[in-house]
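Read off the chains here:
There are 2 protein chains.
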Amino acid sequence: MSVEPRTPLGVLELLPAQQLAFQRMLDTIRRGFERFGFLPIETPAYELSDVLLTKTGGETEKQVLFVQSTGTLEKARDGKRPELALHFDLTVPLARYVAEHEHELVFPFRRYQIQRVYRGERPQKGRFREFYQCDIDVIGKDSLALAYDAELPAVIYGIFAELGFGKFTIKINNRRLLRELLESLAIPAERHADALHEVDRLGKQDRTEVEARIAAVTGADTARRLLDLLARPLAELPASGGKDDLQRVYDTTLALGVPASALQIDLSIVRGLDYYTGTVYETFLDDHPRIGSICSGGRYDNLAEHYTKSKLPGVGISIGATRLFSQLLELGIATATQRTTAHALVLHVEAPLALEYAKLAAELRAAGWNVEVYGGDDKLGKQFKYADRSGVPLAILYGSRERDAGVVKIKDLRAGVEHDVPRAELLERIRALLHTE
Amino acid sequence: MSVEPRTPLGVLELLPAQQLAFQRMLDTIRRGFERFGFLPIETPAYELSDVLLTKTGGETEKQVLFVQSTGTLEKARDGKRPELALHFDLTVPLARYVAEHEHELVFPFRRYQIQRVYRGERPQKGRFREFYQCDIDVIGKDSLALAYDAELPAVIYGIFAELGFGKFTIKINNRRLLRELLESLAIPAERHADALHEVDRLGKQDRTEVEARIAAVTGADTARRLLDLLARPLAELPASGGKDDLQRVYDTTLALGVPASALQIDLSIVRGLDYYTGTVYETFLDDHPRIGSICSGGRYDNLAEHYTKSKLPGVGISIGATRLFSQLLELGIATATQRTTAHALVLHVEAPLALEYAKLAAELRAAGWNVEVYGGDDKLGKQFKYADRSGVPLAILYGSRERDAGVVKIKDLRAGVEHDVPRAELLERIRALLHTE
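Chains A and B are the protein sequences, given in the same order. So the first sequence is numbered by the numbering used here: it starts at 575 and just counts up by one. So the second sequence is numbered by the numbering used here: it starts at 575 and just counts up by one.
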């Protein structure tokens, strides 16, 4: 032993049982994406730095992790920016991918992408340097119908309903509507971003305080009128394009099967990025508001202006799976209920029957069960201890006694009950035992 | 447009239909691993450099890709090695993981791991800097029974039989047996590595040439006698521990359901790494020997000697999924047969019925089908063009004519046939149409 084994800071490394639960979560997300006909893509973990960092300023660059071989480390000492950098989200790689493969894709292009992304920020609690994002986007060429904006909350509803992390609410709003409301109050365009930045605090901070902050941007009277507008039901707002869009997205989302109890128009939802121009989404677990939005996104005008002359409007949404899972683990909601992938463990009862254990396992696997064979000729006590610790539900015992009696012994480790089963009925009995779970 | 969108060299980026095929391959591999009760783990893409590079020499370090934030780039200019490096395989991370989490794991620890790994080598055809590895290992504490050596070829057989890339052969050998054979010919221990390095060329190079190369190490007479031994059936070799082990692994593998036609004892299989001490494996596609081994591994004495005092013997095997898939693509064997995840596309026939399309899609999705809704009110010709290009098998049409007649029109785009189906029979008919595939 020469080096202490340590995990780098800012990553979520899981024990196998937790990994099983996380993997199930990612599988559910993937299935939910495919249920709506989204197509998978994967991009490399790193991009060329000049491609990745084209549209971003120095702040982003500070958070980027660069990739270098020993050879290029030499060059770096000359002060050159490294040629490769790990992607910090899946949106810039998507833009690059769509622009690069534009003529090979079918539009509207419906893609999903489940990958880890990397941020160079200082590791601290709840902040990861490596984390999974699960993204879907629908990308149009030249235009993209509003109906697609309703699909994304329907996808999200299906996934979180299946994940079973408790009640949740998908909140939707429309940036165009917000812009129109600000215009109706004669707030100058150059103050919109500041005003919306404060509006975004509604629901997270005290209303009086938010009003004071908006007042600093717009004046007190306008601030009060704005908050009054934002508190009204959509139907009571003045007619506008953004209002119509939001209503249509809401109605279509309900028609797609999302219950009204899980969908809410919330005019205080802004989303930080200026990038968004129409519909915006955030999603909250009703019983755990402090986790914040677990799934956010929106409509944007042009995905890849830096890479192509084609206009590519789109709408997308992203689940931050690592952060969500780690918080649910802490809250005890995402529990590692399953410790093993195996349904049965064939014990090594007598050495002369070793090949019989292999054959029994092969038979069970061919029937679709996941099966382990205990490899060594350890005492049965030690084998049962392994079975117990591994969490396998059934142990299969077959010694000369069982062979002579034409039976196999199944020990149900969940119930602590043994069954002597005629050899010919083994598969049937195992099916019965495992389906009672 | 300001930057040309380009993918970095040395990565395999796939179009969606190819990605679907690759994803199916990874899913099959994962299912195959779980069928034997292996447990998933994932480790971060990067490790601390001092942990990752502990046991490797300068050659490995040259092939490593380091990770740096802008802040640490400064330090690198002082000539310091960066703190983080991308993992170049999954074995060193496994060793670190097992040593770090030793007291939380159940031994024998059966883990699978499907992740991308990174090599800083010069990109060239068939050489990837980023590629998937799919690894399984069984790790014992202090000891690990030989029976586990037989499981790995059984796992591999199940997976490649299901993948359907044609006939394949799993070749097994035993390094202990090789050592014993070299000893029986009085080849000094310090020449074993050189001699085995040449033996490894058998089957890849001309036998006469290999014999000459071995003769340069051992002398001509010994070389001839060695090749004579290696050409014999196992049963005709002198008795030895390695011979017994190899025979037992072979017999147990057959008992696990691997047909003799897919399993072959081949005494010329060496595997490059000194790391291996017992059973070794290589796997070849019978019709494509030039691809080389598609899945290799072996038994080792101690996984994590640099990280822990515990002795952790193990046996493992690895599928290089990216390289394999890219070669199968080139050969036309891994074909992207499925272009979409969707089973049906609901067309937008008449704008006033838009919510009906959403409801139809919701109904089909609830029944388990993957469904898209065409979002815009484009002409039907354009919508069918999209359907055709996307590859969806069924289009669903529902206009006022169909509504008034109480039917839904299903167009089977594979057969070019339309069916008017009573509304109440929609699900049943779709099931029938999609199951005929």
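It should be emphasised that the hints constitute simulated quantities derived from the structure, not laboratory data. Be a bit skeptical, because a hint or two may be false.
Just so you know, same-sequence chains aren't split out, so a pair can sit in one copy or run between any two.
Stated by the list, open to error - Below, in silico cross-link-like pairs of lysine to any residue (SDA-like), each with a Cα-Cα straight-line distance of 20 Å or less:
{"no.": "1", "residue 1": "K654", "residue 2": "T644"}
{"no.": "2", "residue 1": "K715", "residue 2": "K959"}
{"no.": "3", "residue 1": "K699", "residue 2": "R897"}
{"no.": "4", "residue 1": "K959", "residue 2": "H880"}
{"no.": "5", "residue 1": "K745", "residue 2": "H771"}
{"no.": "6", "residue 1": "K885", "residue 2": "R580"}
{"no.": "7", "residue 1": "K933", "residue 2": "A998"}
{"no.": "8", "residue 1": "K745", "residue 2": "R580"}
{"no.": "9", "residue 1": "K933", "residue 2": "Q593"}
{"no.": "10", "residue 1": "K933", "residue 2": "G831"}
{"no.": "11", "residue 1": "K953", "residue 2": "F742"}
{"no.": "12", "residue 1": "K883", "residue 2": "T581"}
{"no.": "13", "residue 1": "K953", "residue 2": "G714"}
{"no.": "14", "residue 1": "K699", "residue 2": "L1008"}
{"no.": "15", "residue 1": "K933", "residue 2": "Q597"}
{"no.": "16", "residue 1": "K817", "residue 2": "A805"}
{"no.": "17", "residue 1": "K956", "residue 2": "V680"}
{"no.": "18", "residue 1": "K636", "residue 2": "R598"}
{"no.": "19", "residue 1": "K953", "residue 2": "A719"}
No experiment lies behind these values; they were computed from the predicted model shown.
Checklist entry - Can you give the numbers of the hints that this structure goes against, from lowest to highest? => result 4, 8, 9, 11, 14, 15 and 18
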